[in-house]
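Chains as they are written, first to last, in numbering that gives the first Met the number 0: chain G, 0 to 134; chain V, 0 to 134; chain X, 0 to 134; chain U, 0 to 134; chain W, 0 to 134; chain L, 0 to 134.
Note that these hints are calculated values from the structure, not bench results.
The C-beta atom is built at its ideal place from N, Cα and C for all residues, glycine as well.
Worth double-checking, as some hints may not be accurate.
[Claimed, not checked] Pairs of lysine-lysine residues, derived as PhoX-like cross-links and limited to a Cα-Cα distance of at most 20 angstroms, are as follows:
{"#": "1", "chain 1": "W", "residue 1": "94", "chain 2": "X", "residue 2": "4"}
{"#": "2", "chain 1": "L", "residue 1": "4", "chain 2": "V", "residue 2": "94"}
{"#": "3", "chain 1": "G", "residue 1": "27", "chain 2": "G", "residue 2": "53"}
{"#": "4", "chain 1": "U", "residue 1": "94", "chain 2": "V", "residue 2": "4"}
{"#": "5", "chain 1": "G", "residue 1": "4", "chain 2": "G", "residue 2": "94"}
{"#": "6", "chain 1": "V", "residue 1": "27", "chain 2": "V", "residue 2": "4"}
{"#": "7", "chain 1": "U", "residue 1": "4", "chain 2": "L", "residue 2": "94"}
{"#": "8", "chain 1": "G", "residue 1": "94", "chain 2": "W", "residue 2": "4"}
{"#": "9", "chain 1": "X", "residue 1": "53", "chain 2": "X", "residue 2": "94"}
{"#": "10", "chain 1": "G", "residue 1": "53", "chain 2": "G", "residue 2": "94"}
{"#": "11", "chain 1": "X", "residue 1": "53", "chain 2": "X", "residue 2": "27"}
{"#": "12", "chain 1": "L", "residue 1": "94", "chain 2": "L", "residue 2": "53"}
{"#": "13", "chain 1": "U", "residue 1": "53", "chain 2": "U", "residue 2": "94"}
{"#": "14", "chain 1": "G", "residue 1": "4", "chain 2": "X", "residue 2": "94"}
[Claimed, not checked] Stretch by stretch, here's where chain V covers chain G in the computed footprint (C-beta under 8 angstroms, at least three residues):
{"#": "15", "segment": "0-12"}
{"#": "16", "segment": "15-24"}
{"#": "17", "segment": "48-60"}
{"#": "18", "segment": "71-79"}
{"#": "19", "segment": "97-108"}
{"#": "20", "segment": "111-118"}
Protein chains: 6
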Amino acid sequence: MSTRKPPADPEADPRVQAVFDDIRATRKTDFINNLWRALAFDAALLERTWGEVKALMATPTTLDPLTKELIYIAVSVANACSYCVHSHTAAARAKGLTDAQHGELMAIIALAAKTNHLVTALQVPVDPAFDAGAA
Amino acid sequence: MSTRKPPADPEADPRVQAVFDDIRATRKTDFINNLWRALAFDAALLERTWGEVKALMATPTTLDPLTKELIYIAVSVANACSYCVHSHTAAARAKGLTDAQHGELMAIIALAAKTNHLVTALQVPVDPAFDAGAA
Amino acid sequence: MSTRKPPADPEADPRVQAVFDDIRATRKTDFINNLWRALAFDAALLERTWGEVKALMATPTTLDPLTKELIYIAVSVANACSYCVHSHTAAARAKGLTDAQHGELMAIIALAAKTNHLVTALQVPVDPAFDAGAA
Amino acid sequence: MSTRKPPADPEADPRVQAVFDDIRATRKTDFINNLWRALAFDAALLERTWGEVKALMATPTTLDPLTKELIYIAVSVANACSYCVHSHTAAARAKGLTDAQHGELMAIIALAAKTNHLVTALQVPVDPAFDAGAA
Amino acid sequence: MSTRKPPADPEADPRVQAVFDDIRATRKTDFINNLWRALAFDAALLERTWGEVKALMATPTTLDPLTKELIYIAVSVANACSYCVHSHTAAARAKGLTDAQHGELMAIIALAAKTNHLVTALQVPVDPAFDAGAA
Amino acid sequence: MSTRKPPADPEADPRVQAVFDDIRATRKTDFINNLWRALAFDAALLERTWGEVKALMATPTTLDPLTKELIYIAVSVANACSYCVHSHTAAARAKGLTDAQHGELMAIIALAAKTNHLVTALQVPVDPAFDAGAA
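For reference, chain G alone in the conformation it holds in the complex (with noise of 0.2 angstroms):
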């Protein structure tokens, strides 16, 4: 159940027809997740955003690809992005994520929420030594 209706034939569109060809040029595969599918509705909003998570995601940057899902994955979860959670865990899956990584993926995070929730609760002010200013 979703709040827009993906259109019935997306690639009837051409500009829509190039961003999924590209989609499954990049990634090696004929499968077209559901967020692209829902975005087909404004070409040009489906081509900035799969611009983006081209250029930053399936790309080779200073940080591998691995380290980029995992990141995204982070964020994904503390914003409560079940669709992302999902989409994105499969494709750090797919870049080797081993069993154990994962596991300490979740306790990291676990972690993180912790630390953060009690600083929020404890209102900590900042150490003058993390202000990157005065470096």
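Place chains V, X, U, W and L on chain G using the hints.
Here is chains V, X, U, W and L on its own, set in the frame of chain G:
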């Protein structure tokens, strides 16, 4: 300005002193940041929290130390914990985070937040292919 | 699946019936959505909540009705309230939201989330020029 | 630094004065904290908000006054509202919160945040036994 | 649909079995809810998490058992954790939560969220009187 | 205090200078607020972010400019981004937000937060009538 006055002389309590000594030994520094001073009102809470942080963040595990800090920062940003963002960015710098990697981290956190909100706004249904139980 | 069973015959309580009647009259429909049924366990809470919604969202004020729904959707997305996103998107549609406007709403919510997270990650200090007290 | 300059002489408005008088009488103090001064720009919003706070938090109900403050603090921490954490911790102290109880509150909030994030990260399905509608 | 398949026979691992036995003994029931089954992939994480929950939530402390569940629910609602809201509402019911108390809990959580957002929208400055360090 | 020191002379980089020039020309002011100075460490991130903000917020589209700022504020409040609340409230004022409209915005954001939390606490099921795919 905090919601609980930290003990004036926390190390008068030998359990607190033992934790502070372990923090100094583990991190090879005399600096005890405000989180630990703030938790010193309750030795048991301090011991458990430091115990978890040490075991996950200051002990070799399957994820490398820098990756673990990036995950911690990501959760802390999404939970809007200013103190935590400051302290873990400093920790990541100490573990070798480069300027370029920091820029990428910013971009990935921002992109994840963007797609988290898009997905929630559109209420995109989870693809059955992402079900770990189905494998 | 909810955490409290809604009353089987909510309108047996005359205070609940009066609220439901007012909802039907105000909205010119027989449809009472689940939020109001869920709140019917406590007539006072139901009355106060509907009273606020009616006064702000179903009464002419300085902001136009559609704008008010878009604000409501924006908060609901950021708070990850699936039900609220669904119900207020439907309300916005009923008040004339076009496909193009909906696409823009998606893009603005996503962009705001992106810069919210960037600003929190970088801990950007507030410009003194933004201080309303200084005007 | 706030986003709206509070009125310089809020009690020049008799409706605001009436609310401030009621706050002073209810709380048996001359102190009007900044939230109420900030809301004084709109007498109706001030009246409604104080009315709700008074009815729930300053009137005997089935939950005891201290428990109600602890619930309020818990929500405020999770919503990262620094002002609210400060003001309701002060209120809880005024209602008898001991140091030991405050320490427990910190630990429970932290633990809840931890399991909240674990559950979201693992996407644990709700047990049918928790369905209130099934009873 | 979860992001990690729970072990088919979790109690084949004696450490998991020991935790499950302790849950059953502590709660005086044969029911092991899905959170513990989901965590069974990592015996150490399961032991630590149950250990914390048991020590805080299932052991007499200075706060009474029902109050502790209400705090837990409050955090879980604000963090939008559907599973946690369900499981801790069921736990609160088991510890004696009445219908009237549940209605009040709903109202307080809702009011706290309202003033949290008002305060953040107005950026109300913290009153110096709330500074615990000044006492 | 920020987590990354902004460049001392950002416009020494011609790409940064081009963005700053465009901000000044678009907004018809010499004022460059701290967000853009903070992003100047990475010209590409600055260009993309300003490009999105300009296209959505400073270019005529189907939603009027003030409505777009109100949506932006609403998301920023719910995400607890102090800087963003300040900067977009100032922007809304510059685009004609009246005191009365600002008061309504406060009330709607607060009401949405209230019902968001009520719905999550009660776990109200989505009405089938809200399913966009069923239309």
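Outcome of the hint check:
Between residue 94 of chain W and residue 4 of chain X, the direct Cα distance comes to roughly 18 angstroms. Compliance with the 20 angstroms bound is thereby established for this hinted pair. This hinted pair checks out: residue 4 of chain L and residue 94 of chain V have alpha carbons roughly 18 angstroms apart, not beyond 20 angstroms. With a C-alpha separation of about 13 angstroms, the suggested pairing of residue 27 of chain G with residue 53 of chain G holds against the 20 angstroms cut-off. As the CA atoms of residue 94 of chain U and residue 4 of chain V are separated by approximately 18 angstroms, the hinted pair is consistent with the 20 angstroms bound.
Between residue 4 of chain G and residue 94 of chain G, the direct Cα distance comes to roughly 31 angstroms. Violation of the 20 angstroms bound is thereby established for this hinted pair. Distance check on the hinted pair: residue 27 of chain V and residue 4 of chain V sit about 27 angstroms apart at the alpha-carbon level, beyond 20 angstroms; violated. In summary, the hint linking residue 4 of chain U to residue 94 of chain L is supported, as the alpha carbons are separated by about 18 angstroms, within the 20 angstroms threshold. Taking the CA atoms of residue 94 of chain G and residue 4 of chain W, the gap is about 18 angstroms. The hint holds against a cut of 20 angstroms.
Only pairs whose Cα atoms come within 20 angstroms are accepted, and residue 53 of chain X paired with residue 94 of chain X is accepted, the gap being roughly 15 angstroms. Taking the CA atoms of residue 53 of chain G and residue 94 of chain G, the gap is near 15 angstroms; set against the 20 angstroms cutoff, the hint holds. Under the criterion of a C-alpha separation no larger than 20 angstroms, the hint pairing residue 53 of chain X with residue 27 of chain X is consistent with the structure, at around 13 angstroms. The hinted pair formed by residue 94 of chain L and residue 53 of chain L meets the criterion: a straight-line CA distance of about 15 angstroms does not exceed 20 angstroms.
Restraint check for residue 53 of chain U and residue 94 of chain U: satisfied, since their Cα atoms lie roughly 15 angstroms apart, inside the 20 angstroms limit. At roughly 18 angstroms between alpha-carbon atoms, residue 4 of chain G and residue 94 of chain X fall within 20 angstroms of each other, so this suggested pair holds. Restraint check on the segment 0-12 of chain G versus chain V: 4 residues with Cβ-Cβ distances below 8 angstroms, three needed, restraint holds. Judged by the Cβ-Cβ criterion of 8 angstroms, the segment 15-24 of chain G is not covered by chain V as claimed, because only 0 of its residues qualify and three are needed.
For the segment 48-60 of chain G, the stated coverage by chain V holds: 6 residues have a C-beta nearer than 8 angstroms to a C-beta of that chain, and at least 3 were required. For a cut-off of 8 angstroms, the count of residues in the segment 71-79 of chain G with a CB near a CB of chain V stands at 7, and the three-residue condition holds. Only residues whose C-beta sits within less than 8 angstroms of a C-beta in chain V count toward coverage, and the segment 97-108 of chain G has 8 of them, enough to reach three; the restraint holds. With 8 residues bearing a CB less than 8 angstroms from a CB of chain V, the segment 111-118 of chain G meets the requirement of three and the coverage assertion stands.
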